[in-house]
Amino acid sequence: MFSLRLPIPIENTLITPPPKSNNNNTYNSSLCAHSYSSYSHSQTNRFLTVRNVALQKNGNSVGDSKDTMMQPFPEELNAEPLPRHVAVIMDGNGRWAKMRNLMPSAGHQAGAEALKEMVRLCASWGIKVLTVFAFSTDNWVRPKVEVDFLMSLFEKTINSEIDVFIREGIRISVIGDASKLPSSLIRMIKYAEESTKENSRLQLIVAVSYSGKYDVVQACRSVAKKVKDGILDLEEINEGIIEQELETNCTEFPNPDLLIRTSGELRVSNFLLWQLAYTELYFDGALWPDFGKEEFVEALSSFQQRKRRFGGR
Numbered sequence: 014m015f016s017l018r019l020p021i022p023i024e025n026t027l028i029t030p031p032p033k034s035n036n037n038n039t040y041n042s043s044l045c046a047h048s049y050s051s052y053s054h055s056q057t058n059r060f061l062t063v064r065n066v067a068l069q070k071n072g073n074s075v076g077d078s079k080d081t082m083m084q085p086f087p088e089e090l091n092a093e094p095l096p097r098h099v100a101v102i103m104d105g106n107g108r109w110a111k112m113r114n115l116m117p118s119a120g121h122q123a124g125a126e127a128l129k130e131m132v133r134l135c136a137s138w139g140i141k142v143l144t145v146f147a148f149s150t151d152n153w154v155r156p157k158v159e160v161d162f163l164m165s166l167f168e169k170t171i172n173s174e175i176d177v178f179i180r181e182g183i184r185i186s187v188i189g190d191a192s193k194l195p196s197s198l199i200r201m202i203k204y205a206e207e208s209t210k211e212n213s214r215l216q217l218i219v220a221v222s223y224s225g226k227y228d229v230v231q232a233c234r235s236v237a238k239k240v241k242d243g244i245l246d247l248e249e250i251n252e253g254i255i256e257q258e259l260e261t262n263c264t265e266f267p268n269p270d271l272l273i274r275t276s277g278e279l280r281v282s283n284f285l286l287w288q289l290a291y292t293e294l295y296f297d298g299a300l301w302p303d304f305g306k307e308e309f310v311e312a313l314s315s316f317q318q319r320k321r322r323f324g325g326r
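So the sequence shown is numbered by this note's numbering: it starts at 14 and just counts up by one.
If you're looking for bench data, these hints aren't it; they were derived computationally from the structure.
Errors might be hidden in some of the hints.
[Said to hold, decoys possible] Dumping the calculated BS3-like pairs for lysine-lysine here, alpha-carbon to alpha-carbon at most 27 Å:
1. Lys129 to Lys157
2. Lys129 to Lys141
3. Lys226 to Lys239
4. Lys141 to Lys157
5. Lys129 to Lys111
6. Lys157 to Lys210
7. Lys239 to Lys193
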């Protein structure tokens with residue numbers, strides 16, 4: 014978790030929540046000059062209409078998340094085996110927007126709504142961990158205006174959902190390299206992690222400024238420092254030692270049972286490279302904003318038909 018990687022002490026006291034986001038703060042006002050993040054009201058309405066139609070297609074409510082957290086268990090699935098840990102590469106937001114003649118920011122907002130639905134489904138169906146690839150270390154090369162919008166969207170989404178997470182027993186953890194993140198986002202992450210750390214219904218792990226290679230490198234550095242400091246002997250280093258230093262050590266189930274990638278791309282794109290060693294892979298052609306209940310049920314059904322041998326017969 015970021016709270017374990019940042020030079021910010023966590024006191025054993027209640028944390029004062031960051032102020033609610035508003036349109037007058039410095040971070041958001043810096044985006045107002047860009048059409049990327051301030052698209053017209055007509056485009057906003059088109060985005061909402063298109064997204065709501067997609068949700069209704071899958072039989073989902075388009076109301077407040079407070080009213081839709083509990084989702085009935087699908088008749089198409091067996092109670093067992095279900096993956097304990099599902100990881101998702103949420104791909105296709107930009108293409109989703111482009112196909113509808115919308116600004117890319119509308120695609121990212123639609124993607125955030127799809128994530129909220131995925132959280133509701135996982136919490137309702139007994140999945141214990143959901144890890145999502147929100148922003149790669151490789152994504153920092155994107156245009157600054159897009160990166161700024163995404164950072165703002167991350168902060169706003171956490172801010173808007175934190176009360177639901179607390180009430181519904183959802184724990185949030187954020188992994189990745191925090192060194193480039195805005196300070197306001199770091200504060201929001203710290204508050205969210207501390208406020209939900211005792212929750213156990215579902216753990217939502219959000220990978221921001223993360224890559225699988227980065228994770229292995231930072232783990233190796235941590236192990237090397239322990240050897241240098243005399244805490245660990247060279248001969249003691251094994252797979253278990255490395256795994257303890259990976260950023261997914263924030264969860265009881267660090268290795269995903271199922272990885273889902275949307276948009277039709279057939280690669281893992283530098284995500285959880287160590288942790289995916291024995292993960293079942295599922296690729297769906299739907300763009301992420303269109304990935305809903307029906308598509309998730311198909312992915313889980315595919316998982317339940319697999320035979321997992323982990324190297325055995």
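Hints and how they fare:
Annotation: proposed proximity of Lys129 to Lys157 holds, straight-line Cα distance about 26 Å (limit 27 Å). With a C-alpha separation of about 16 Å, the suggested pair Lys129 and Lys141 falls inside the 27 Å cut-off, and the hint holds. Distance check on the hinted pair: Lys226 and Lys239 sit about 20 Å apart at the alpha-carbon level, within 27 Å; holds. Of the pairs offered as hints, the one joining Lys141 and Lys157 is violated, with about 35 Å between alpha carbons and a cut-off of 27 Å exceeded.
Distance hint between Lys129 and Lys111 is fulfilled; the C-alpha atoms sit about 22 Å from each other, no more than 27 Å. The suggested pairing of Lys157 with Lys210 is violated, with an alpha-carbon distance near 32 Å, which exceeds 27 Å. For the proposed pair Lys239 and Lys193, the alpha carbon gap of about 26 Å is at most 27 Å, so the pair holds.
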